[in-house]
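Novice: So the protein sequences, as listed, match chains V and B.
Plus 14 on top of the position in the first sequence (first one is 1) and you've got the numbering used here.
Plus 401 on top of the position in the second sequence (first one is 1) and you've got the numbering used here.
In short, the hints are calculated from the structure, not lab data.
Positions of the beta carbon are idealized from the N, C-alpha and C atoms, including for glycine.
There's no promise every hint is true.
Claimed, not checked - Counterexamples of contact, computed for chain V against chain B with all Cβ distances above 12 Å: (1) A62; (2) V69; (3) I89; (4) S106; (5) T109; (6) W118; (7) G195; (8) M231; (9) L246; (10) A249; (11) L250; (12) P251; (13) R258; (14) W326; (15) G327.
What the hints assert, rightly or not - Derived CB-CB ranges, DEER-like: (16) B:R544 / V:A168: 38 to 44 Å; (17) V:W191 / B:Q531: 42 to 48 Å; (18) B:R544 / V:L80: 48 to 54 Å; (19) V:A168 / B:R424: 39 to 45 Å; (20) V:A168 / B:D635: 40 to 46 Å; (21) V:G150 / B:R544: 28 to 34 Å; (22) V:G150 / B:G425: 30 to 36 Å; (23) V:G175 / B:S475: 32 to 38 Å; (24) V:R317 / B:G485: 27 to 33 Å.
So the chains spell out like this:
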Amino acid sequence: MGCFVTAFLAVAQAAGQSAPAAAVDAPAEAALQTAAEIAAGRGYGAAAALLAVGVVCMLLARRMPLRYEAWGMPISLTIVILALWDAAVVLSHSTIFPRPLEVWNAAVELARSGRVFGDIAASLFRVTWGYLLAAGLAIPTGLFMGWYTRGFLALNPIVQGLRPISPIAWIPIAILWFGIGDGAGVFLILISSFFPICVGTTAAVRNISLVHQRSAMNFGVTGIPLFRKVILPAALPQILTSMRLSLGVAWLVIVAAEMVGMESGLGYLINDARNMGSRYDLVVATMIVIGLIGIVLDFLIRRLERFDEVRWGYVKQ
Amino acid sequence: MSDSANDSTPRGAPPPRAKVVVRGVHKFFQKKKETLHVLDNVNLEVGEGEFVCFLGPSGCGKSTLLNMCAGFESIDKGTIEIDGQPVTGPDPRRVFVFQEYGIFPWMSVWDNIAFGLGNRSFEEKHTIAQRYIDLVGLSGFERAFPMELSGGMKQRVEVARALAVDPDVLYMDEPFGALDSLTRLNMRSEIVRIWGEERKTVIFVTHDIDESVQIAQRVVVLGARPGRIKTIVDLSALEHPRDIDSPPYLAARDELYEAMGVSTRIGGK
Numbered sequence: 015m016g017c018f019v020t021a022f023l024a025v026a027q028a029a030g031q032s033a034p035a036a037a038v039d040a041p042a043e044a045a046l047q048t049a050a051e052i053a054a055g056r057g058y059g060a061a062a063a064l065l066a067v068g069v070v071c072m073l074l075a076r077r078m079p080l081r082y083e084a085w086g087m088p089i090s091l092t093i094v095i096l097a098l099w100d101a102a103v104v105l106s107h108s109t110i111f112p113r114p115l116e117v118w119n120a121a122v123e124l125a126r127s128g129r130v131f132g133d134i135a136a137s138l139f140r141v142t143w144g145y146l147l148a149a150g151l152a153i154p155t156g157l158f159m160g161w162y163t164r165g166f167l168a169l170n171p172i173v174q175g176l177r178p179i180s181p182i183a184w185i186p187i188a189i190l191w192f193g194i195g196d197g198a199g200v201f202l203i204l205i206s207s208f209f210p211i212c213v214g215t216t217a218a219v220r221n222i223s224l225v226h227q228r229s230a231m232n233f234g235v236t237g238i239p240l241f242r243k244v245i246l247p248a249a250l251p252q253i254l255t256s257m258r259l260s261l262g263v264a265w266l267v268i269v270a271a272e273m274v275g276m277e278s279g280l281g282y283l284i285n286d287a288r289n290m291g292s293r294y295d296l297v298v299a300t301m302i303v304i305g306l307i308g309i310v311l312d313f314l315i316r317r318l319e320r321f322d323e324v325r326w327g328y329v330k331q
Numbered sequence: 402m403s404d405s406a407n408d409s410t411p412r413g414a415p416p417p418r419a420k421v422v423v424r425g426v427h428k429f430f431q432k433k434k435e436t437l438h439v440l441d442n443v444n445l446e447v448g449e450g451e452f453v454c455f456l457g458p459s460g461c462g463k464s465t466l467l468n469m470c471a472g473f474e475s476i477d478k479g480t481i482e483i484d485g486q487p488v489t490g491p492d493p494r495r496v497f498v499f500q501e502y503g504i505f506p507w508m509s510v511w512d513n514i515a516f517g518l519g520n521r522s523f524e525e526k527h528t529i530a531q532r533y534i535d536l537v538g539l540s541g542f543e544r545a546f547p548m549e550l551s552g553g554m555k556q557r558v559e560v561a562r563a564l565a566v567d568p569d570v571l572y573m574d575e576p577f578g579a580l581d582s583l584t585r586l587n588m589r590s591e592i593v594r595i596w597g598e599e600r601k602t603v604i605f606v607t608h609d610i611d612e613s614v615q616i617a618q619r620v621v622v623l624g625a626r627p628g629r630i631k632t633i634v635d636l637s638a639l640e641h642p643r644d645i646d647s648p649p650y651l652a653a654r655d656e657l658y659e660a661m662g663v664s665t666r667i668g669g670k
């Protein structure tokens, strides 16, 4: 099966290369050459081995109880994808794009040198503060806009007008105001997280059921206790959902921002790796680190959805 | 029916002291370009400590009337007075028990029941909450959240939350409508027992004839489009506990079936 796939890729690639070529039999020649290489097994050993391991894992996962299959299947698929990746690099004779093992070695190098931890800390620092500031401002604003119709009428057009501006577009202004450094990063994350949380909170408050509003009115609860005991908790499940979405966006934005306007962080590391002699192995390793941290952040915020105070909002009655 | 909609003196003995007085009340709903006449000149008196049912088909305006008494809906014409004071808005002295679950799903049973108790000390809140938790039979569920409870238990929490603030009047809007029929029977007994112990004025909206005969002292029958009082049936002669097989009970039930314009025979031509 692996041979079949690689042969297919070879033909496809050969066809792509030969597009401007005048010689009609050039692609056929290239395909023949690749087929010969595959037959000789040159360079494809790692891919074939990975593929075999992946397929075996898949077959095993299929036989496991569902809760293990839920882990086993994605892991096996990842192994298969690594195999295809490796084969594709060998096949393309690329000298710049790294093979999986090279990326692993780059990751080890990053960890050994310790530099990556400083960049992770820098990125997380900016995201944490920008995000907390955004939540601290957006939740009260959203509660206010959701509950008071006049506040909504006054503020909603402004929020809707600023919301579609990409946080990336704010980078020049961020640098102008805060210079190159953490301040600009925090500000950009604040901009990118504020609008989703604000809009989500507003919608959540406007969706509070009439029965709950009337219950609160009936018992004469008003003012701060009304917000603390009824409006905020009623809106909280939907607020958490918007916070989860905006945390994902914040993590996307910080990398982009660091690539353009900062001198530390994971985004900067990617740029730096490319600039110091096209170290694409470091680039890909950093990308994987970014993805893994994103998963961890989402996992952590999902934990919040399990509290009894909000769980009612995620189950169908 | 001899009782007309405009008759302000209901059939049967007048209640001891008027608690809720509804005079010449109208309600209109604007629906696009149409104006719906929801309630047409409703006149009614509910005595202190009385248990009254509003009975009528869906869409007759009985819930609207109840919401107007509670101050949730505006009164387009006429007045509603409670203890001689016109109703202008919701008031903690009169508590509404909702059709769908009005208890807060983000609070435990205990927090829900203590919700209306305001700034009292914790000990005081605890004493009151515990008393009503016991009254509605939810001891042991103080820390449970509503999603962990059955429909009947949720409705008990709602009743306890309403009673905890010691209101004069309880408004109940088809409170048992979402429950299964066995639970509903139990809840009716419970509510009559609680009424017997607490002696609140209760106004209970239902479209279920049997429910009204089982629980109410007086049944106000409303007709639909526009909603007006067709007749008022006095059941105060029927002592609790009511025997649903006894001839007086069956006679009262038949009278209500007739007032509602439905047959007591099912499946005939």
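Novice: So W118 of chain V supposedly isn't at the interface. Is its beta-carbon more than 12 Å from every beta-carbon in chain B?
Specialist: Nearest chain B Cβ is 46 Å from W118 of chain V, so the label holds.
Novice: Quick check on a hinted range of 40 to 46 Å for A168 of chain V and D635 of chain B, using CB atoms only.
Specialist: 56 Å, violated
Novice: So does R317 of chain V sit 27 to 33 Å from G485 of chain B, Cβ to Cβ?
Specialist: 56 Å, violated
Novice: At 12 Å, judged by beta carbons, does A62 of chain V keep clear of chain B as stated?
Specialist: Answer for A62 of chain V: holds, closest chain B Cβ roughly 53 Å.
Novice: Was M231 of chain V rightly flagged as not at the interface, with every chain B Cβ beyond 12 Å?
Specialist: Non-interface label fails for M231 of chain V: nearest chain B Cβ at 5 Å, not farther than 12 Å.
Novice: For the hint 48 to 54 Å, verify it against the beta carbon of R544 of chain B and that of L80 of chain V.
Specialist: 33 Å, violated
Novice: Closest CB-CB distance from I89 of chain V to chain B, is it above 12 Å?
Specialist: 34 Å, holds
Novice: Non-interface claim for A249 of chain V: all C-beta distances to chain B beyond 12 Å?
Specialist: Answer for A249 of chain V: violated, closest chain B Cβ roughly 10 Å.
Novice: Within 28 to 34 Å: is that where the Cβ-Cβ distance between G150 of chain V and R544 of chain B falls?
Specialist: 31 Å, holds
Novice: Is it the case that W326 of chain V keeps its Cβ farther than 12 Å from each residue Cβ in chain B?
Specialist: 4 Å, violated
Novice: May I ask you to test the hint 39 to 45 Å on the CB atoms belonging to A168 of chain V and R424 of chain B?
Specialist: Cβ of A168 of chain V to Cβ of R424 of chain B: about 41 Å, so the range 39 to 45 Å holds.
Novice: In this structure, is the beta-carbon distance linking G175 of chain V and S475 of chain B contained in 32 to 38 Å?
Specialist: At 36 Å between Cβs, range holds.
Figure legend: structure checked against the earlier numbered hints; hints not met, in rising order: 8, 9, 10, 11, 12, 14, 15, 17, 18, 20, 22 and 24.
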